[in-house]
Structure formats: structure tokens, C-alpha cells
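Going down the list, the sequences are from chains A and B.
Using this note's numbering, the first residue of the first sequence is number 20, and each one after it goes up by one.
Using this note's numbering, the first residue of the second sequence is number 545, and each one after it goes up by one.
No lab work stands behind these hints, which were simulated from the structure alone.
Note that the structure is predicted; figures quoted are calculated from it, not measured.
There's no promise every hint is true.
Claimed, not checked - Chain B is faced by these chain A residues, among others (derived, beta-carbon under 8 Å): (1) Ile-52; (2) Arg-88; (3) Asp-94; (4) Phe-119; (5) Gln-128; (6) Gln-140.
Note that CB positions come from ideal geometry on N, CA and C, so glycine has one too.
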Amino acid sequence: MSLYFYSEHQSPSSQELYDRLAQLRCDGEKLAINKVSSFEPGPNLRIRCGDIVILFADSPGELDIIISRREMFSDCRVILVLPDRDKETIHKGHVLRPRFVDFKDSSQQTLFKVIQNVVAQDKVDCSTEHAH
Amino acid sequence: MADILVVDDDKALCEMLIEYVKHSGHSAGGALTLTGGLQQADAGEYDIVFLDVQMPDGNGLDYIPKFKATPSNPEVIIMTGKGDPDGAIQAISSGAWSYIKKPHVIRDLLLHLTRALQYREEKKRIKIVPIVLKRDNIIGSSPQIIACLDQVAQAASRDASVLITGETGTGKEVFAQAVHENSNRSAGNFVIVDCASLPENLIESTLFGHAKGAFTGADRARDGLIKHANGGTLFLDEVGELPVALQKRFLRVLQEHSYRPVGEAKEVKSDFRVIAATNQNLDECIKAGTFRNDLLFRLQGIRIKLPPIRERIKDIRELTSFYVEKLCNRYGLEVKGISPDFVGALCLYDWPGNVRELFQTLENVVAYAIQHQTLFAKHLPEHLRILQAQSGIKASYPDFAALSHVKSEDTFPAWKEYKDDFEEKYIQKLMLRADGKKKNACQISGLSRTRLYQLLKKYDPSRLG
């Protein structure tokens, strides 16, 4: 089981979240987070059934891009960060069937706790890190 | 006239029941073992199976789903010499029509038989209106999955709460989505609550929402998932993990259709439909005090029990084709062919992780065989290939009741005689499988070289040359 962090354009907000997540520990080891900037189909797409995917949508446009690629991670456990709290944005976000939803402007404390729980529960592979 | 099968190791009783059933105007067959009975049920078109519990090759209760899975989907009536409440529960939970005690089997048999046949006749007469069901990721055409899809259709046409149970990896979330997609709430959100992943101290605020400053870290107000689900469906995954204290509060929401966010004074309304899922036995949780009886009652308006993959082996081929194609599209590859021996090997494994484990295995296989156009059994993990090799040997395992040297059921074969017969057949099949190579034979069977030589000397000395 691996952990992926997806952000289309690597914005400062997403980088900030990524850096904070990188401080998380799994079984005392540094958590390996695979950074993904694209879900284009291809032989290098290493995402697997049951993997944990953190999707960071920095803008409504990025959310639409993520949704258009949802088949690529449809059998993964999705944790979603939405760009805003509009009803329409939330409605679109739930199309991705996320296990947890947070927002770009939140303190992310709850998000960290949830990810820690999910990582501990699913025995994420702490040792493997690969970039796309 | 109906077709009845009697499966009982008591030959005298078996023959008596067959005669009794024939005398009642039906046709009947019999089997003295579960294996033999299942073979007959697979080949025949039986309406009813009378099934004993204590059998030489297993427990009849464990075979109920297998008999139900045969082509004619017969009603199964359990007969037992030792009636016990737990056995009755297992029988009915596994789909048995009824459960009768042997001393009264002749007295009660006709009544159970008549009722079961009447039910079957009426079922045939009911016009099934075909419903075009959206079932995107529900793959399979076995009777078990079709029965579950019928329940999905029923659930989708109503607004009752649904409880989906099944082992891990059986697709509970996929079925929950199907209920939502086919309901009149499909335009609303399908909101997932992962009860196992949410920290216990945050489940309440996540579900109900909270006011700004309601607790440390609540830097702004936030809507809960119940609000997100307004007009749609709230899916509680692993509902057994919901803290007991929160279960009471959630029960009130189901009853009143209103709730109060954490730190708020005002109640808020929400119109949602709840679907819950669990792989736990909630009745046991109730006994243990970790789940509320009244909440379970509320959640199980409709109950859908998903079969494990080992009870719908027939679907493995379809599942494999579906997922291999999906993977090839994902990786940008030409869709790979799948050889019969590949599927055959998959069908031999029990799949404790069910569909999820199957899909994970296929992912590894496709990644391993990325250059190959066709998937063969050779591409499978070692434990599956070993299983396949062993099954070729087990297929010739002599049926206990069919041993050629057993002249009548009054003669129980001596252990040595039976063992020698089996060993000889095993060695013959093993050497065939190993292409005559002793090294291969040792690897497949786990026998030491010394032991293999002893067995060859005893049963097939020509191979020692």
C-alpha cells in the first residue's frame, strides 16, 4: 500500500501541505509520499488498488481536471482537499467518492489526524518512494 | 412433479426417503456424500435438496451456499439428528428453506416439501419486469450476484435505510453506490463516512459540523457530512466502528431528521438516506455492548448480504476480464489475452481478501507480464501456481464411497488399503505433473528425495531407472 500526493500545478498551498505531510511518521519511519503531477495513462502509472491518494485541488479548474481523470484512481482511497466551500464545489468533490474532505483554507489539523489514522490502519509502505 | 435430491450418508434412510418422495409423485435421486451430492446437483435440475448435516466429507451446513449456487438454485431443507439453535441459525442465514429433525423427518417431510414446491411454483409465475440497472463496477452473472442486484433494485426504488454486510473486499461500497445511482436521490451527493478512519474525538464534528470556536482548532464554522448529504445518500462505512456514545446521537438524527452542529444552539434539518456497511457481525457487537440494538434495527430497513468470491467462482472469469482490460487501458497497453489455465488457477484459490485481493493480484500480474500479449498461469504468484499443481493431483483423489474395492457400504475399508490406493494414484499423477523429473516432483509435492524414491520403488519402480 502506497501514499500518493497529487497536485496539478504544485502551488504554494499544495507545497505547504506536502511539506507538512512529509513530517508525518509511519512506525517511527519518515513517511514516503509519492508526488504525482499527472494521472495520464501510461506504463509509469504505478498507482494500485487500495493505495491512498491525497488530491489537492487548488482551484475549481484543477478540480475539474482531477475529476476528468478519476478512472485512474477509482479503486484507491481518496482524501480530497477542495479549493472552496461552494455548494457546487462540494457536490463535484463528492463525485470522487473521497474518504475525507477538507478545504484549502482550513488549518489541516483534522486532515493530518485522519491521514495518520489511515496510514496506521492500512500499513502504508514507508520504505518506497518514487516520483512521477 | 418435482425433482428431489436426498443427500445423506445413512444409506437405508436415503433409500427410504427416495422411495417416499417417489411415492408422492416426484422423481428423486440420492447421494451418500456431499461431494457426490454436489456433482449430481450441478448436473441435474433439482427443485429441492434434502441435506444431512453430519456427513463423512464435511458439514452439510457449510455446503448450503454451494447447493444453492448450482444451476437450478434448489431450495435446501436441512435434516439433522441433533437439532441445535445455532445450527438452525446458520442454516437459515445460509439460505436454507427449513430445518427438520431426523426422528420426525418422515412425518414432517411432506409438509416442508409441499410448501417449498409451492413457493417455487409461485416464484416461476411472477413476471420479472426487466429493470435497466446502473451497475458500473458490479461485475458478474452468478445467481448470487444477480440476487444481490435484485436487492439493489428493490432498495433503489424505496427510501428505506440499507445495511450491506459481507467480508472485506466483497464490494460493499460499490453496491452502496449502485443503490444511490439507481435511486431518485442520484442527483444528490453520495457522501462517504469512513467510521474506521476518523479519529474518535473528531467523528462528531465531522458528521454534524461545528460552529467557529466550538473546540480548540475550530478556527471557522464548518458544515458536517450530514449537511453535505442533504437530498442525497450518507454512506457509513464500517458502521460497527462508530463510538457507542455517537450511535445514540446518530439514532436520534435518523428518527427526527434533524441535528445540532457542535457548538450551535439551533437545530438543522437534513433529508438524507442512510446506507451502512460492515464486515462485523453486529449481533455479536450488540452482545458485546459495542453496538446499539435500536440503531441496528433502524439501519437494516433492507439488508443486503454480499457473497464472498469463493461462493461465486463462476464470476472470476468476468471479473478477471474486466479488470485486466481496465489495467491495460490505465497503463496504455493493448488489452491482453487471458488463457484458460490462468483463469483456472484463479478459480482454485479461496480469495480471503475477495475481489480486492483478486484485483491486487491482477495488478501485480499485469505489471510482471507487461511485455506479454497473453496472460498464462505461469505469470501468477507462486502460491497460486502451487495450488493449481496440487489440484491436478487432488482431482484423482478417490471418492470415499466410490472406492473400487469397497463391495458394499457394510464394508469399511482398512486404513492401510485405502492409504495405499491413494498413495499409488498420487505418485502416478505427481510424476506426470513433474514430466517424470524427480527434482520437479520433490518441489511440487514437498517430499524429500529419499521419501520419493521409497514411494517410486513401491508403486512405480520403472521410474527408478
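Each hint tested on the structure:
1. Interface restraint check: Ile-52(A) against chain B, minimum CB-CB distance 18 Å, threshold 8 Å, status violated.
2. For the restraint placing Arg-88(A) at the interface with chain B, the shortest Cβ-Cβ distance is roughly 11 Å, beyond the 8 Å limit, so the hint is violated.
3. For Asp-94(A), the shortest C-beta to C-beta distance to chain B is roughly 7 Å, which falls under 8 Å, so the interface hint holds.
4. A distance limit of 8 Å between C-beta atoms decides the matter here; for Phe-119(A) the minimum to chain B is near 7 Å, and the interface restraint holds.
5. For Gln-128(A), the shortest C-beta to C-beta distance to chain B is roughly 5 Å, which falls under 8 Å, so the interface hint holds.
6. Proximity of Gln-140(A) to chain B holds as hinted, the smallest CB-CB distance being about 6 Å (cut-off 8 Å).
Figure legend: structure checked against the earlier numbered hints; hints not met, in rising order: 1, 2.
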